[in-house]
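Peer 1: Work out the full structure, taking the sequences as your base and the hints as a guide.
FYI, the numbering used here numbers position 152 of the sequence shown as 153, with every residue one higher than the one before it.
Incorrect hints may have been included.
[Stated by the list, open to error] Label-pair ranges, simulated between beta-carbon atoms:
#, residue 1, residue 2, range
1, Ala122, Met217, 35 to 45 Å
2, Ser130, Gly30, 36 to 46 Å
3, Leu131, Gln35, 28 to 38 Å
4, Pro151, Thr19, 16 to 26 Å
5, Asp57, Arg192, 33 to 43 Å
6, Met217, Pro151, 18 to 28 Å
7, Leu172, Gly95, 36 to 46 Å
8, Phe48, Lys180, 17 to 27 Å
9, Glu63, Lys3, 45 to 55 Å
10, Arg213, Ser77, 24 to 34 Å
Hints in this document: simulated from the structure, not taken from any laboratory. Glycine residues also receive a C-beta, built at the ideal position from the N, C-alpha and C atoms.
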Amino acid sequence: MKKGLFIAVDANIGAGKTNACHAIASAAGSRGRQVRVLEEPTHDAAFAYFLQRYYDDLRIQENRGGGFGMQIFMLSRRYEQHRLAVELAWGDSGMVVIQDRPIYGDTVFATTATERGFMAAEEFELYQSLYRNMSRDIMPPDVFIYLDVPPEECDRRMASRARKGEEGVPLDYLQQLDKNYKLLLKEMQYRGIRTLVVDWTEFGPPVELWNRILEMAGSTETRYRQLSLALGKDPNIPVSPPPKAR
Numbered sequence: 002m003k004k005g006l007f008i009a010v011d012a013n014i015g016a017g018k019t020n021a022c023h024a025i026a027s028a029a030g031s032r033g034r035q036v037r038v039l040e041e042p043t044h045d046a047a048f049a050y051f052l053q054r055y056y057d058d059l060r061i062q063e064n065r066g067g068g069f070g071m072q073i074f075m076l077s078r079r080y081e082q083h084r085l086a087v088e089l090a091w092g093d094s095g096m097v098v099i100q101d102r103p104i105y106g107d108t109v110f111a112t113t114a115t116e117r118g119f120m121a122a123e124e125f126e127l128y129q130s131l132y133r134n135m136s137r138d139i140m141p142p143d144v145f146i147y148l149d150v151p152p153e154e155c156d157r158r159m160a161s162r163a164r165k166g167e168e169g170v171p172l173d174y175l176q177q178l179d180k181n182y183k184l185l186l187k188e189m190q191y192r193g194i195r196t197l198v199v200d201w202t203e204f205g206p207p208v209e210l211w212n213r214i215l216e217m218a219g220s221t222e223t224r225y226r227q228l229s230l231a232l233g234k235d236p237n238i239p240v241s242p243p244p245k246a247r
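Peer 2: Next comes the structure, spelled out in structure tokens:
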């Protein structure tokens with residue numbers, strides 16, 4: 002039986018992340034793999050509520066808690082999704098699970114919101130504490146993919162797709178996100194998480210990307226080593242697969 006895979010895909014706003022997730026899923030499915038894409042919770046009523054509060058703060062250029070509320074909501078949802086992805090990928094079905102923006106990428110938005118004055122230092126400190134505790138409790142993905150697109154191209158793509166709510170996103174915000182994503186990539190590599198940076202300035206062939214994912218994913222033994230590193234244990238001591246999420 003083929004082993005399951007947990008693939009996390011991240012990128013700046015407008016890079017084409019969601020389309021890439023489904024393209025990878027299609028490539029995996031064409032090779033007989035069972036696939037599930039965990040999309041961002043944009044259809045959740047609570048998402049609309051917190052996003053509107055944050056946009057209200059952005060509109061009047063004042064921190065009234067909208068940024069913090071949005072980030073805590075997203076942190077909670079990412080954590081739930083991450084645990085589900087681990088459960089499915091480690092199950093008996095050999096499923097390929099693709100998460101559209103993992104918990105790690107949300108820290109980029111929290112950092113940027115704080116730098117721009119839409120989260121207080123105390124709020125960010127609490128957010129970081131929650132994130133650290135949550136990230137210690139989860140197994141990292143088999144592969145973390147970052148789609149690298151210049152902020153200027155992201156801005157052009159956002160204008161082209163004309164999605165509601167994105168018309169007010171300034172270029173300097175995308176540039177700030179890009180800067181903080183580059184710092185996140187260093188952190189991911191430091192933590193021993195397999196990180197694949199893909200130049201997505203031009204949309205690449207999904208089959209080629211899928212093959213690169215398989216090459217990087219490695220063996221089950223490598224996965225156990227990865228889990229040991231995540232748990233802060235000696236990677237040379239075998240560990241058992243994590244229990245299923247409840």
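Peer 1: With respect to the beta-carbon atoms only, verify the hint that Phe48 and Lys180 lie 17 to 27 Å apart.
Peer 2: Given range 17 to 27 Å: holds, Cβ gap about 26 Å.
Peer 1: Evaluate the given range 16 to 26 Å for the C-beta pair formed by Pro151 and Thr19.
Peer 2: 19 Å, holds
Peer 1: Measuring from beta carbon to beta carbon, are Asp57 and Arg192 in 33 to 43 Å?
Peer 2: Since the Cβ atoms of Asp57 and Arg192 sit about 36 Å apart, the hinted range of 33 to 43 Å holds.
Peer 1: Just to be sure I understand the hint, the distance between the Cβ atoms of Ala122 and Met217 should be within 35 to 45 Å; is that true here?
Peer 2: Since the Cβ atoms of Ala122 and Met217 sit about 37 Å apart, the hinted range of 35 to 45 Å holds.
Peer 1: Is the gap between the beta carbons of Glu63 and Lys3 within 45 to 55 Å?
Peer 2: 52 Å, holds
Peer 1: With respect to the beta-carbon atoms only, verify the hint that Leu172 and Gly95 lie 36 to 46 Å apart.
Peer 2: For Gly95 against Leu172, whose Cβ atoms are near 43 Å apart, the range 36 to 46 Å holds.
Peer 1: Return holds or violated for the Cβ distance of Ser130 and Gly30 against the range 36 to 46 Å.
Peer 2: 39 Å, holds
Peer 1: If you check the beta carbons of Met217 and Pro151, does the distance land in 18 to 28 Å?
Peer 2: Check passed, 24 Å falls within 18 to 28 Å.
Peer 1: Between Leu131 and Gln35, does the C-beta distance stay in 28 to 38 Å?
Peer 2: 33 Å, holds
Peer 1: Please check whether Arg213 and Ser77 have a Cβ separation lying inside 24 to 34 Å.
Peer 2: Holds: the Cβ-Cβ distance is about 32 Å, inside 24 to 34 Å.
The structure shown violates none of the earlier numbered hints.
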